[in-house]
Amino acid sequence: MFDEKVIGKRYPKRTYEVGIEKIREFARAIRDENPLYHDEEFARMSVYGRVIAPPTFCTIFAIKPFMEACLDPDLGIDLVKLVHAEQEFHFHNVIKTGDRIVTDGWIEDVRSRRGLHWLVVRSESIRETERTKVVTGLWTALIRD
Amino acid sequence: MSEYIVKKKVGPYQPIEYAGASLDFNPIHIDPEVGKLAGMGGTILHGMCTMAFVAEAAVKLVGDPGKLKHLKTRFSKPVKPGDEICISVKNQERGTDETRVTFIVESGEGQSVIKDAIATVDNT
Numbered sequence: 036m037f038d039e040k041v042i043g044k045r046y047p048k049r050t051y052e053v054g055i056e057k058i059r060e061f062a063r064a065i066r067d068e069n070p071l072y073h074d075e076e077f078a079r080m081s082v083y084g085r086v087i088a089p090p091t092f093c094t095i096f097a098i099k100p101f102m103e104a105c106l107d108p109d110l111g112i113d114l115v116k117l118v119h120a121e122q123e124f125h126f127h128n129v130i131k132t133g134d135r136i137v138t139d140g141w142i143e144d145v146r147s148r149r150g151l152h153w154l155v156v157r158s159e160s161i162r163e164t165e166r167t168k169v170v171t172g173l174w175t176a177l178i179r180d
Numbered sequence: 007m008s009e010y011i012v013k014k015k016v017g018p019y020q021p022i023e024y025a026g027a028s029l030d031f032n033p034i035h036i037d038p039e040v041g042k043l044a045g046m047g048g049t050i051l052h053g054m055c056t057m058a059f060v061a062e063a064a065v066k067l068v069g070d071p072g073k074l075k076h077l078k079t080r081f082s083k084p085v086k087p088g089d090e091i092c093i094s095v096k097n098q099e100r101g102t103d104e105t106r107v108t109f110i111v112e113s114g115e116g117q118s119v120i121k122d123a124i125a126t127v128d129n130t
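Going line by line, the protein sequences match chains A and B. The first sequence begins at 36 in the working numbering and counts up by one. The second sequence begins at 7 in the working numbering and counts up by one.
Taking lysine-lysine and the BS3-like style, the derived pairs with C-alpha atoms no more than 25 Å apart in a straight line are:
1) Lys66/B with Lys131/A
2) Lys131/A with Lys75/B
3) Lys86/B with Lys121/B
4) Lys57/A with Lys66/B
5) Lys116/A with Lys78/B
Some chain B residues judged to face chain A by a derived CB distance under 7 Å, without partners named:
6) Ser28
7) Met54
8) Glu62
9) Pro71
10) His76
11) Leu77
For the record, the hints were derived by calculation from the structure and aren't laboratory data. Each residue gets a CB set at the ideal place from its N, CA and C atoms; glycine is no exception.
Just chain A, with the same shape it has in the complex (with noise of 0.2 Å):
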């Protein structure tokens, strides 16, 4: 199904500025009541000084080159036989309140086995300024025939 030349394609970087109450809202649709996430004051008492993200927010960033792979013409998938199979995630540095964040992904690999087909997106996110890591993400979708 898919053409190996797709091997490293990549995918246009974007930027996402973390907003707290951005985060508020993931932790909530999580039902996760960490007060790192939501309470300004521990969080300041804490480690990190402002309000951190639970380590799958990344998902919102992250997920980008995943979404416009498996909507890429050049792929041609059809999306009522695809599912998300497989996540994966290295967390380098905690996501905090204010952190803008870079996110570049390219196709790390394609396969296919007995009329299955497995596409699997790496992203890398970093911190704009200082350059530091955030989150790579391998991303994987099973297709069917």
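The hints should help you fit chain B onto chain A, whose structure is shown.
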């Protein structure tokens, strides 16, 4: 072994709420008709939301979100509104610097919804 670190009842509109929070508006999570067409009988929860529950379990285990270094999940069964997700520790392998924790992630009926839920956490 059977002690749950995290237990979550998935609310009827939680996929919609998570869609808004995560900006993932795939219709299978918000439109019951699309879910039915996909053979799911209605909407399903985002795999990434279930993964967030696993991340919470890992953070609860070590106390500090900054100690979670790696998390891997394989989504094996769709989660639906009304399901209760129960997360417990299967085993822990302590290394010199890091501990590898494997979780059991089940819906109320004891069916695995994530296979190979593995976290790596800092020992320090």
